[in-house]
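Residue strings, one per chain:
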Amino acid sequence: GAVVSQHPSWVICKSGTSVKIECRSLDFQATTMFWYRQFPKQSLMLMATSNEGSKATYEQGVEKDKFLINHASLTLSTLTVTSAHPEDSSFYICSAGGGIGYEQYFGPGTRLTVT
Amino acid sequence: GDSVTQMEGPVTLSEEAFLTINCTYTATGYPSLFWYVQYPGEGLQLLLKATKADDKGSNKGFEATYRKETTSFHLEKGSVQVSDSAVYFCALSEGQAGTALIFGKGTTLSVSS
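One line per chain: the protein sequences are X and L, in this order. Take any residue in the first sequence, note its place counting from 1, add 509, and you have its number in this note's numbering. Take any residue in the second sequence, note its place counting from 1, add 98, and you have its number in this note's numbering.
For the record, the hints were derived by calculation from the structure and aren't laboratory data. Some hints could be false.
With a straight-line cut-off of 27 Å between C-alpha atoms, the simulated DSS-like cross-links for lysine-lysine are [what the hints assert, rightly or not]:
#: 1; chain 1: X; residue 1: Lys550; chain 2: L; residue 2: Lys175
#: 2; chain 1: L; residue 1: Lys203; chain 2: X; residue 2: Lys550
#: 3; chain 1: X; residue 1: Lys573; chain 2: L; residue 2: Lys203
Chain X extracted, bound-state conformation (with noise of 0.2 Å):
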């Protein structure tokens, strides 16, 4: 089956600094990748939807400038906290589409903690 993967699984920053969260998908080409935000006990948001080679769209309420997404291939999307704050602290969650219907493949996510 797809498989995609995320990478740091963990990280802890000091506030102020920046961080990047890798997705990529390891078996299959996507066109278009999408990154979630999840806060305890709580659903999935959408934070925004990339497409390779072009802009990412972001949904509303989302600081474009502060969650810099780049999906520069189609196995590779980039997520950068700039400069974290400690209610960045969360679980962010992307997932991959590939065309296969309208699946969806997640990754594991990466729980970040702001200090």
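Guided by the hints, dock chain L onto chain X, whose structure is given.
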């Protein structure tokens, strides 16, 4: 806009009990419907799906039937196991491949032996 409503949790059951997690949706078109499962500390895994009315998705003993007349996609399992303890998310996707999923809030299932 489109939305998904799941029953509030947590759901606590004994092993071998029958499970139902209700899910209803609101959509303007004809969405595809999904159930995803999230085990502790892990990402989401697709459990089952249905792409048109009256379709039944099934996997690992779980079933859900796409009911257009009641806009529902309830998840059922005849006999749960401790290993089924997880958070279950109902979701829909309306449109073509590459459309983001809309999730319900999730239902936590806890099964004890």
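Going through the earlier hints one by one, which of them does the structure break, listed in rising order? none
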